[in-house]
Amino acid sequence: MSWADFFVMKGYALYVWGSYGVAIAVFVLEIVLVCHRRKISIHQLRLMRDAKTGI
Amino acid sequence: MTINWFKYSAPSSFYGLAGKLIPWFAWPAGVLFCVGLYIGFFVAPTDAVQSEAYRIIFIHVPASILSMIIYIVMAGYAALGLIFNTRLSSMMATALAPTGALLAFVSLWTGALWGKPTWGAWWVWDARLTSELILLFLYLGFISLQASIDDPRRADRAGALLAIVGSVNVPIIYFSVQWWNTLHQGSTIKLSGTSMHIAMQQAMFAMFMALWLYVIAVVLMRVRSIILERERNTQWVTELKEYQQ
Chain X
-4 MSWADFFVMK
6 GYALYVWGSY
16 GVAIAVFVLE
26 IVLVCHRRKI
36 SIHQLRLMRD
46 AKTGI
Chain R
665 MTINWFKYSA
675 PSSFYGLAGK
685 LIPWFAWPAG
695 VLFCVGLYIG
705 FFVAPTDAVQ
715 SEAYRIIFIH
725 VPASILSMII
735 YIVMAGYAAL
745 GLIFNTRLSS
755 MMATALAPTG
765 ALLAFVSLWT
775 GALWGKPTWG
785 AWWVWDARLT
795 SELILLFLYL
805 GFISLQASID
815 DPRRADRAGA
825 LLAIVGSVNV
835 PIIYFSVQWW
845 NTLHQGSTIK
855 LSGTSMHIAM
865 QQAMFAMFMA
875 LWLYVIAVVL
885 MRVRSIILER
895 ERNTQWVTEL
905 KEYQQ
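Chains as they are written, first to last, in the working numbering: chain X, -4 to 50; chain R, 665 to 909.
Just chain R, same shape as in the assembly (with noise of 0.2 Å):
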């Protein structure tokens, strides 16, 4: 049997693909983002240190790491926009921009509330937290540049451009807190395990699996917009269900 993996790379047959797998996304991240907030305030014991402000960490820790796997992935599927010139490639970085802002923005937002009571201070500029703004200035960054280039090819490429040149930014990210001495705290998830209560590990799992599946879920769904807007002078648009009524 053989598989035409390039089938669906055609934005012709990913519109349809895409909007068939958009529930079977949406609805487990609803499900999941249920469970973990049940888990992560009704379950999860209070922490001894921090009481009941170390909660926050079930949306921050999340949000934080997803923000650097959307960059990586953008910066993929830019990048191969850039080799092949494959249209699709570049229309997911395109849709995956904006998702990655806001999650880097919910990364900043929350921290800022958890650092309040526990450091007494809202925002330093320690470099966990300056690297993690430049992320999202990198974000805004790519968002603006392709905004502001009318042929979708050029702006694909420019901003590929910048994916590419920002994602030097996500390991220094990750290892900010081992290469220098910073205020936020180390990883409390390691490969070599963790040292979490169970109840806080499965409330942490269930929001991380949560937005990663809502994150799949929206970005889908934003890129069929992107594919209609960009593909409006082809035949099987104007063949469309959607377009027909």
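So here's chain X without its partners, still in its complex pose (with noise of 0.2 Å):
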């Protein structure tokens, strides 16, 4: 079997590849967004120390 073959899937290309697909996305966007949420959280615990300590 070819590699255009393996892409193919026996025309079934859309169906699997369109599960796979956005199943990976949606777990690569909750890593990001995951990490994003950190940086936000340590960046507002800065940010009240720094108006508590008035610099």
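Simulated from the structure, these hints should not be mistaken for lab results.
Bear in mind the structure is a predicted one, so any value in this text is a computation, not a measurement.
You may find that some hints are simply not true.
Said to hold, decoys possible - Under the rule of at most 25 Å between Cα atoms (straight-line distance), these lysine to any residue pairs were calculated in the SDA-like manner:
| no. | chain 1 | residue 1 | chain 2 | residue 2 |
| --- | --- | --- | --- | --- |
| 1 | R | LYS905 | R | TYR679 |
| 2 | R | LYS684 | X | ARG41 |
| 3 | X | LYS34 | R | PHE706 |
| 4 | X | LYS5 | R | LYS684 |
| 5 | R | LYS671 | R | LEU685 |
| 6 | X | LYS5 | X | ILE19 |
| 7 | R | LYS780 | R | SER795 |
| 8 | X | LYS34 | R | TRP900 |
| 9 | R | LYS905 | X | SER36 |
| 10 | X | LYS5 | R | LYS905 |
| 11 | R | LYS780 | R | PHE706 |
To be verified - Calculated Cβ distances over 12 Å to all of chain X for the following chain R residues:
| no. | residue |
| --- | --- |
| 12 | LEU701 |
| 13 | GLY704 |
| 14 | ALA727 |
| 15 | THR750 |
| 16 | THR763 |
| 17 | SER771 |
| 18 | THR774 |
| 19 | TRP787 |
| 20 | SER795 |
| 21 | ILE828 |
| 22 | SER840 |
| 23 | TRP844 |
| 24 | HIS861 |
| 25 | LEU875 |
| 26 | LEU884 |
| 27 | TYR907 |
Stated by the list, open to error - Which residues of chain R face chain X? A few of them, derived with a C-beta cut under 10 Å, are:
| no. | residue |
| --- | --- |
| 28 | ALA712 |
| 29 | GLN714 |
| 30 | GLU716 |
| 31 | PRO762 |
| 32 | LEU877 |
| 33 | SER889 |
| 34 | LEU904 |
Just so it is clear, CB atoms sit at the ideal spot from N, CA and C, and this is done for glycine as well.
Using the hints, put the two chains back together into the complex; each one sits in its own frame.
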């Protein structure tokens, strides 16, 4: 079986790659959002500290 | 030797522990995901009836099972928080909800893409599909209910009630294919064994473990942010090194 055949998936390419593509995209998005939330939380803490100390 | 089981129920000690544990779940998750994809696409044979379309099973079934397990775990943590008033349990419930919603979405999405070539329909109002859709709505309801209440302790309690009541839906999803005559096929893997090809079983198992470990890693990451947000006025947070810089 060639790579071209592999990507065609015997005519089921849309369904198979549509499933895996969206699933993987969603997982990657979740990781990005979770990392972003951590950065924001730490940033907020520093803002609070700086507001307190009056810097 | 006495072990202090309650040590890590304090957000301050759990925060550090969670940070150390994340890579131990995240890396095996990534490796197993690649192994699962490799076996699923290059080792597992083509299905005699469904041809290549059946390969969706390796992502669909693990995502569906985990969407149900996460709900039970979330409702369990929420109940613990409600009964014992433990802050960390409620934070865990809040951290689990988005990942549960995401897996319920993946389950429905991959199910639609599998239904079209095999049944000829993206969606049918069948018992299995409808109860899984309700599961997604329960997750979204839990998230929006908590987001709509400003006081975190009240949000925890309101969310907990919704989560506990909604847990009735999980056995309904699981047994729906037996209780009702559904278009959705019955379970391929049962306690009594399975008729699946060995390579298909291996791919499914690897993907299931990969997603499970992924869920633990990502939920630990999220709960660490929730801990920081909720405990921002405590002494221990101001002593953290990420905050000192």
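Evaluated hints:
Distance hint between R:LYS905 and R:TYR679 is fulfilled; the C-alpha atoms sit about 12 Å from each other, no more than 25 Å. Note on R:LYS684 and X:ARG41: the hinted pairing holds, with a Cα-Cα distance of about 23 Å set against a maximum of 25 Å. Proximity of X:LYS34 to R:PHE706 is assessed by CA-CA distance (about 39 Å); at most 25 Å being required, the pair is judged violated. For the given pair, X:LYS5 sits about 45 Å from R:LYS684 by alpha-carbon distance, which is inconsistent with the 25 Å threshold.
At roughly 16 Å between alpha-carbon atoms, R:LYS671 and R:LEU685 fall within 25 Å of each other, so this suggested pair holds. For the proposed pair X:LYS5 and X:ILE19, the alpha carbon gap of about 22 Å is at most 25 Å, so the pair holds. Between R:LYS780 and R:SER795, the direct Cα distance comes to roughly 19 Å. Compliance with the 25 Å bound is thereby established for this hinted pair. At most 25 Å may separate the alpha-carbon atoms for a hinted pair to count; X:LYS34 and R:TRP900 meet this at roughly 18 Å.
Restraint check for R:LYS905 and X:SER36: the C-alpha separation of about 14 Å stays at or below 25 Å, so the hint holds. Taking the CA atoms of X:LYS5 and R:LYS905, the gap is near 55 Å; set against the 25 Å cutoff, the hint is violated. Between the alpha carbons of R:LYS780 and R:PHE706 the distance comes to roughly 24 Å, so the proposed pair stays at or under 25 Å and holds. With a least beta-carbon separation of about 8 Å from chain X, R:LEU701 fails to lie farther than 12 Å from that chain, contradicting its non-interface assignment.
Against the 12 Å criterion, R:GLY704 falls within the reach of chain X, whose nearest CB is about 9 Å from its own CB. Listed as a non-interface residue, R:ALA727 fails to keep its Cβ farther than 12 Å from every Cβ of chain X; the least gap is roughly 7 Å. Against chain X, the non-interface label of R:THR750 holds: every CB pair exceeds 12 Å, the least being about 21 Å. A Cβ of chain X approaches the Cβ of R:THR763 within 12 Å, the least distance being about 7 Å, so the stated non-interface status is violated.
The claim that R:SER771 is not at the interface with chain X is violated, since a C-beta of that chain comes within 12 Å of its own (minimum 10 Å). Remark: the non-interface label on R:THR774 conflicts with the geometry, its nearest Cβ contact in chain X lying 4 Å away (cut-off 12 Å). The beta carbon of R:TRP787 is kept farther than 12 Å from every beta carbon of chain X, the shortest such distance being approximately 14 Å. No beta-carbon of chain X comes within 12 Å of the beta-carbon of R:SER795; the shortest separation is about 21 Å.
Remark: the non-interface label on R:ILE828 is consistent with the geometry, its nearest Cβ contact in chain X lying 25 Å away (cut-off 12 Å). Interface exclusion of R:SER840 from chain X stands, the closest Cβ pair being 22 Å apart, more than 12 Å. Interface exclusion of R:TRP844 from chain X stands, the closest Cβ pair being 25 Å apart, more than 12 Å. Every C-beta of chain X lies more than 12 Å from that of R:HIS861, the closest at about 17 Å, which supports listing it as non-interface.
Interface exclusion of R:LEU875 from chain X breaks down, the closest Cβ pair being 9 Å apart, not more than 12 Å. Non-interface status of R:LEU884 relative to chain X is broken: a Cβ of that chain comes within 12 Å, the nearest being about 10 Å off. Against chain X, the non-interface label of R:TYR907 is violated: not every CB pair exceeds 12 Å, the least being about 5 Å. With its C-beta approaching chain X no nearer than about 13 Å, R:ALA712 sits outside the 10 Å limit, and its interface hint is violated.
For R:GLN714, the interface hint holds, since its Cβ comes within 10 Å of a Cβ in chain X; the closest pair sits about 9 Å apart. Against a cut-off of 10 Å between C-beta atoms, the interface hint on R:GLU716 holds, since the closest Cβ of chain X lies about 4 Å away. Of the supplied interface hints, the one on R:PRO762 holds, with its beta-carbon coming within about 7 Å of a beta-carbon of chain X, less than 10 Å. A least Cβ separation of about 12 Å between R:LEU877 and chain X goes past the 10 Å threshold, and the interface hint is therefore violated.
Hint on R:SER889 holds. Least Cβ distance to chain X is approximately 4 Å, under the 10 Å limit. Contact between R:LEU904 and chain X, as hinted, is supported at the beta carbon level, the nearest pair being about 8 Å apart and thus within 10 Å.
Hints 3, 4, 10, 12, 13, 14, 16, 17, 18, 25, 26, 27, 28 and 32 from the list above are not met by this structure, while the remaining hints are.
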